[in-house]
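**Student:** Chains as they are written, first to last, in my numbering: chain P, 25 to 887; chain H, 419 to 937.
It should be emphasised that the hints constitute simulated quantities derived from the structure, not laboratory data.
It cannot be assumed that every hint is accurate.
In silico lysine-lysine, DSSO-like type, Cα no more than 30 Å apart, as pairs [said to hold, decoys possible]:
id: 1; chain 1: H; residue 1: K787; chain 2: P; residue 2: K466
id: 2; chain 1: H; residue 1: K432; chain 2: H; residue 2: K663
id: 3; chain 1: P; residue 1: K466; chain 2: H; residue 2: K825
id: 4; chain 1: H; residue 1: K432; chain 2: P; residue 2: K281
id: 5; chain 1: P; residue 1: K281; chain 2: H; residue 2: K663
id: 6; chain 1: P; residue 1: K540; chain 2: H; residue 2: K825
id: 7; chain 1: H; residue 1: K436; chain 2: H; residue 2: K793
On the chain H side, residues computed to face chain P include the following (Cβ under 10 Å) [stated by the list, open to error]:
id: 8; residue: S421
id: 9; residue: Y422
id: 10; residue: K423
id: 11; residue: Q428
id: 12; residue: A532
id: 13; residue: E574
id: 14; residue: V576
id: 15; residue: R750
id: 16; residue: L785
id: 17; residue: L786
id: 18; residue: T823
id: 19; residue: N826
Ideal placement from N, C-alpha and C gives every residue a C-beta, glycine not left out.
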Amino acid sequence: MVAQPLLRVVRCGGSRLSGARAAFSADAKYLFCASGDYVKVYSTATEECVHILQGHTNLVTGIQLNPQNHMQLYSCSLDGTIKLWDFTDGILIKTFVVGYKLFAFYTLAGSEDSVFIIIPKKNKEASGSAGQDIRWNWMFTGSAGHDLLHWNQSSTDSFQLVSVKLPKIADQEVEAKELSLILDDIGQSPKCTAFGREGEYMASVFDLHLLVYFFKKKKVNRFSLSATSTKGANNNFTCVACHPKEDCIASGHEDGKIRLWRNFNHKREYTFSTLHWHHDVVMDLTFSVEGTSLLSGGVESVLVQWRDGSDCKKEFLPRLGSTIEHISASPDGTFYCTCHTENKITIIHSNLRVSAVIQGLVKGSDVKTGLVVDPRTKALVLNGKPGHLQFYCLQTDKQLYNLDIVQQEYIHQVGLNQIDLVKAAFSAQGSWLATVEQREGKETELELQMKLWNYDEQTQSFTLNTRINMPHESHVTALCFRDTDELKDETLMLVTASKDGRFKVWVLVDDSDAEKPSMGWSCDFVGSYHKYPASNCCFSEDGSLLAVSFEKTVTVWDSDTWDLKCTFCHPPGKIQNLCFGRLSCSKYLLGTTSSGFLCCWNLLSCAMEWSAQLNITVLQPDPLSENIVAVSWLSEGSDLFVFKPNEPRPLCIQRNVCRGRVQWAVFIPREVPESVGSEKHQWLSRSQLYFLTETQDLMTFSTKSTEERLTPSSKQLAVEESLTMTPFYLLLGKHRHQQQSKENADLGTAVVQNHLAQHSPAVKELLHTPAHVLPSASFLCSIFINSMLISKENKSAEEVAGEVEMDSEKAEDESDEDVEFTEMEPDTNPTEILGETTPKLSKSQEKELRKIRRMDYSWITAL
Amino acid sequence: MASYKPVVVQSFPKLGEKITQDTLYWKNYKTPVQIKEFGAVNKIDFSPIPPHNYAVTASSRIHIYGRYSQEPIKTFSRFKDAAYCATYRDDGKLLVAGSEEGIVRLFDISGRAALRQFDGHTKAVHVVDFLSDKYRIFSGADDYTSKLWDIPSATEIVSYSEHTDYVRCGYTSKLNTDLFVTGSYDHTVKVFDARREKSVMTVEHGQPVESVLLFPSGGLLVSAGGRYVKVWDILKGGQLLVSLKNHHKTVTCLCLSSSGQRLLSGSLDRHVKIYSTASYKVVHSFDFAASILSLALAPEDETIVVGMTNGVLNVRHRKHEESKERFPKKKRPAYRTFVKGRNYMPKQEDFFVSKPVRRHLKKYDKLLKSFQVSKALDAVLEVPNRGRTPEITVAVMQELNRRGTLKNALAGRDEKQLNVLLAFLIRYVVEPRFAPMLIKVAEMIIDIYLPVVGQSAIIDKQFLKLQEIIEKEIDYQAELLEVLGMMDALFATMTRKKATSLENKSNGILRALEQATSN
């Protein structure tokens with residue numbers, strides 16, 4: 025084995041897809057979007073991720089097609105580099121090192137070798153030492169109104185637009201240091217700058233000002249709006265777009281207005297018209313390719329298409345899910361695409377029909393339900409879109425589906441009191457789901473609703489069974505099912521604990537009547553302990569005991585009779601987490617207190633077994649073993665402890681798993697137990713731990729090294745998978761399979777040998793790598809030929825195999841001639857064939873061959 | 419892209435009785451027909467042969483009614499005093515009746531005068547019946563005797579005087595031609611065999627027996643007396659099978675449904691209870707206006723007739739499906755309108771254009787979809803909606819509140835519109851299902867319209883009415899809380915925690931651990 029593998033914390037669940045404007049390929053077959061440090065290439069037809077372009081070391085901030093070559097893609101990142109990619113093969117062609125944080129990136133069809141970037145103004149922002157030998161060509165400094173722009177200089181850094189000359193050197197990594205300033209003091213956002221018709225002018229907006237810079241005249245026109253008007257309008261600019269054919273600039277404002285500016289080459293006689301539909305900030309604006317329509321979007325999550333810049337000719341595409349952040353149009357005009365805050369990209373046909381949706385893990389501001397595992401699909405379940413529960417498959421990093429819990433029309437309005445989904449729990453077999461939603465405002469009373477969902481085998485989804493209004497008078501703090509075998513005749517049981525000082529037991533009862541059989545949930549028992557607010561509840565593994573914590577006290581109840589069995593108390597500090605031990609440790613009950621203690625009580629002796637002083641934030645038992653994970657948090661970072669309740673010494677300690685607090689953690693059982701090399705990491709073998717940090721990043725642990733993990737996902741769009749199922753394929757596949765399973769030694773090895781030859785890396789490389797990136801054929805030839813050769817010791821076997829092939833051909837020929845006698849043939853002359861000690865085709869194989877011969881081969885003509 | 423999600427109208431579980439097959443069956447009767455008789459109706463008997471006329475004995479008359487007639491088809495009024503227990507023979511041609519003067523009379527249905535008179539009882543004869551051989555009659559009288567009579571010769575065959583009090587009820591076996599049962603006020607039920615001189619079985623009911631019944635199988639005997647209905651197993655020698663106490667006054671009459679699956683009992687407490695003969699649980703019950711004396715079911719349970727002490731005869735006929743079709747049917751489009759174009763088989767080169775399914779939205783949903791909040795509220799306050807479906811109105815109010823536009827929707831209303839809104843509030847504000855939402859609405863309305871109070875007499879009146887209702891409700895709630903407090907005190911003194919021994923009920927964990935340690 026290799027050296028002791030280290031336990032690494034790995035981010036999973038993908039990054040935000042909506043970090044930058046997405047871009048389409050020229051034929052609109054691919055969509056590129058920035059996702060964290062990567063650029064992802066999606067197919068617009070299938071929604072599948074085709075390539076992940078990896079190479080940047082910081083957030084990717086801009087993506088643009090190379091206007092000179094439509095098969096190439098530029099991307100820029102905060103790491104100070106511009107990279108040029110071949111996106112069809114996912115290969116990095118070139119890296120240009122600029123040395124500044126790049127916030128936005130623009131290319132123009134006219135200027136061949138220079139591109140435009142937005143960089144911070146202050147020199148100290150320069151990353152690395154590369155910022156010294158830059159030649160500054162002061163083309164323009166905003167003199168007029170310069171002071172005006174600086175009024176908030178102290179609070180926000182200012183940015184500048186510069187053009188960069190990309191040197192034409194064949195090297196892989198090139199330094200691009202030839203910067204020339206174009207505009208100073210502009211907005212950081214890429215949406216605040218746009219380039220006009222044929223690159224003649226550019227427009228940039230910042231606060232209340234629109235700057236138009238004309239490249240030829242090298243002059244700037246500045247248009248300012250008044251800060252406030254009588255009707256409470258907010259004229260701050262948010263985004264800008266330029267008409268591709270005419271001299272027209274569209275700008276979006278914070279109060280939802282869109283202004284269309286014309287005649288802006290005159291400082292005085294400019295005009296603008298106003299389009300007003302949005303009631304909130306216009307987040308992005310884009311003109312269609314021909315410029316006939318303008319697209320706008322915002323918080324309302326409605327895509328508005330304005331035709332001919334007129335206020336009355338508008339079309340809507342409503343209910344796109346969440347706030348539209350970016351809009352882009354494909355160069356051939358067939359598609360639009362909107363990026364949403366909920367980590368979603370919608371591809372929209374130009375007739376305003378949604379054609380595809382690319383959905384990542386929805387990361388809301390707060391995961392209130394925590395991380396839950398769906399026992400049926402082993403998917404991770406957590407808050408998704410507002411009012412929805414998302415089921416996320418961790419193996420494929422894909423969202424499986426969204427379950428609409430609230431079932432109400434979502435009103436996109438800032439400051440509206442929305443219904444929150446706060447709790448979710450699954451029964452042991454996954455056939456029942458309980459959810460709690462609440463709506464709470466400053467003036468309004470608390471509205472609570474508990475819903476119980478039954479899994480419907482036929483529709484393969486959850487259907488609402490029971491809705492309980494106001495299950496408690498105050499917030500529900502915990503929710504758990506009794507983990508019983510549902511096959512047994514035990515009644516299902518659900519317990520809710522609430523701040524109103526009660527815990528309630530709900531049971532499934534049969535209330536069917538003559539019209540239809542029905543099952544429903546109703547309250548069975550209400551328990552309380554000195555009217556203290558209940559904070560946690562959990563069942564023991566066998567479901568016979570229920571532990572409920574009331575402020576500083578843990579109470580243990582018998583789940584059959586609902587008698588209070590005993591109480592545990594660990595004075596100062598309220599109980600924060602509570603869980604029972606599992607398997608051989610089921611006699612222990614663990615709890616953490618707000619005073620920073622982890623306590624373990626023995627249920628047999630009703631006494632404390634041990635306690636430790638750790639500031640535990642998360643306590644999570646592994647359902648498949650005795651192990652329990654506790655995550656503690658001190659000011660600088662979170663530490664992770666794995667222990668068994670029967671001994672206070674931890675099995676494994678992992679320091680500093682992340683910087684912030686860990687909010688939630690969950691064990692997800694692996695489908696196949698993984699072999700873990702080190703004894704110390706044995707706890708990861710059967711289930712995997714996922715945890716959610718303060719910054720809503722989903723993390724997990726990996727024992728594998730980075731290279732191992734990378735291989736399966738990337739560079740694997742093999743040709744084999746796309747092969748059609750032709751009759752030959754079927755026969756060959758079957759044939760091979762049979763032969764491999766045979767114990768017949770010589771034949772078996774021959775076939776394997778054949779197999780090996782095909783799978784040798786050299787052959788694979790030659791066949792699967794695109795021709796234009798390969799080295800010269802003369803260089804490759806010898807390697808290729810060598811790989812096709814058979815090594816000496818297997819030569820005889822190879823020959824035998826060859827003979828077999830000839831034999832089978834012969835047999836085929838014979839059967840061609842006399843079809844009616846073929847069935848008897850193997851019987852009439854068996855000696856001849858047996859004498860050669862080569863396996864003869866069996867009867868069934870021959871039949872197979874004949875069948876194939878009679879098949880329809882019209883598909884060949886299609887090739 | 420998700421489509422518009424309509425407003426969720428909450429459905430509330432129906433409290434009270436659950437709908438069972440029985441309630442559906444027994445509720446499937448038309449509104450009752452009331453017929454006024456001259457006195458208390460003591461017996462109703464259906465003719466066993468179609469068209470199943472029924473004889474009603476009340477005061478000194480016997481009326482025979484047809485199935486749907488409310489006037490008697492025929493009347494036997496040759497009684498000097500009260501007549502009792504007019505009963506049909508199996509063939510429906512003869513009718514026998516007892517009387518207050520102690521004479522048993524036999525009538526031909528087509529005739530008017532009595533065919534035979536059986537004299538011999540010294541006191542009122544309250545029960546008469548044909549034995550199942552059709553040629554004999556048994557009678558029970560207040561002179562403590564029961565007698566058997568021969569019809570052709572009009573003579574007494576045998577007289578039993580074993581009872582020590584009035585004989586008031588009896589029943590003849592349909593299987594055995596000689597067997598009959600009598601019940602008496604001496605608290606006993608006796609089974610007689612016409613071939614024997616003495617009773618063959620006696621069961622002690624415990625109360626004066628008002629009615630007896632034999633199951634069609636002849637194996638079970640039902641007796642009613644006092645508040646009890648008791649079922650006895652004859653084959654086990656008169657063993658008590660079950661005692662039912664579901665009435666709170668004397669049970670006066672018993673009846674079996676035609677299938678034999680249900681037993682009906684009528685009582686002076688004005689209820690008819692229906693029991694399942696399998697579980698002996700009450701599966702349904704009917705309420706009537708007065709104390710019930712007699713009860714009869716037509717074959718196939720087509721008609722229930724109940725006679726009461728105030729002389730009212732209550733007749734219920736079963737509803738039938740065809741009765742619905744009597745209404746003029748609306749002209750519907752022909753079948754081919756619906757299949758037009760549907761049965762077209764697409765050819766291979768055809769290009770499919772799928773038509774999106776249009777969802778039908780309610781009017782208020784359409785308005786809410788286009789954010790027309792005031793109009794949406796108006797739509798649910800319209801007359802047809804307001805009366806019957808307050809839950810929809812409240813659901814829309816809730817939706818508006820969730821959207822934060824309830825105030826906008828409530829404001830800017832003229833006198834008429836506000837009047838409608840206030841009328842709705844007055845009607846439903848105290849209903850617990852709607853109270854939380856409607857109180858909020860009321861508060862908002864008061865806030866909005868406070869400056870204009872006093873301008874309209876109608877609105878002021880409505881406001882005062884609302885105030886009155888809410889004050890009344892507050893008083894009720896206070897009273898209820900008092901009662902609750904009292905009950906809590908009572909319960910606290912009553913319940914004492916049962917001591918559960920840990921040895922017997924050791925829970926699963928403990929047991930598992932015990933096993934583990936012993937191994």
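**Student:** Hint by hint, say whether it matches the structure.
**Tutor:** Against the structure, the hints:
The straight-line distance between the Cα atoms of H/K787 and P/K466 is roughly 27 Å, inside the 30 Å bound, and the hint therefore holds. A C-alpha spacing of about 28 Å is found between H/K432 and H/K663, which places the hinted pair at or below 30 Å, so the restraint holds. Using a Cα cut-off of 30 Å, the hinted pair P/K466 and H/K825 holds, with the two alpha carbons roughly 16 Å apart. Using a Cα cut-off of 30 Å, the hinted pair H/K432 and P/K281 is violated, with the two alpha carbons roughly 51 Å apart.
Distance hint between P/K281 and H/K663 is unfulfilled; the C-alpha atoms sit about 79 Å from each other, more than 30 Å. With a C-alpha separation of about 41 Å, the suggested pair P/K540 and H/K825 falls outside the 30 Å cut-off, and the hint is violated. For a cut-off of 30 Å, the pair hint linking H/K436 to H/K793 is broken: about 38 Å separates their Cα positions. Proximity of H/S421 to chain P holds as hinted, the smallest CB-CB distance being about 7 Å (cut-off 10 Å).
The closest approach between the C-beta of H/Y422 and any C-beta of chain P is roughly 6 Å, which is under the 10 Å cut-off, so the hint is satisfied. Annotation: H/K423 was flagged as interfacial toward chain P, and the flag holds, the nearest CB pair being 5 Å apart, inside 10 Å. Taking 10 Å as the C-beta cut-off, the interface hint given for H/Q428 holds, the closest approach to chain P being about 7 Å. At its closest, the beta carbon of H/A532 sits 49 Å from a beta carbon of chain P; the interface hint therefore is violated under the 10 Å criterion.
At a threshold of 10 Å, the smallest CB-CB gap from H/E574 to chain P is about 53 Å, leaving the interface hint violated. For the restraint placing H/V576 at the interface with chain P, the shortest Cβ-Cβ distance is roughly 50 Å, beyond the 10 Å limit, so the hint is violated. Interface restraint check: H/R750 against chain P, minimum CB-CB distance 27 Å, threshold 10 Å, status violated. For H/L785, the interface hint is violated, the least distance from its beta-carbon to any beta-carbon of chain P being 13 Å, above 10 Å.
Nearest Cβ of chain P to the Cβ of H/L786: about 8 Å, under the 10 Å cut. The hint holds. Taking 10 Å as the C-beta contact cut-off toward chain P, the hint placing H/T823 at the interface holds, the least distance being around 9 Å. Evaluation of the H/N826 hint against chain P yields a violated restraint, the C-beta minimum of about 13 Å exceeding 10 Å.
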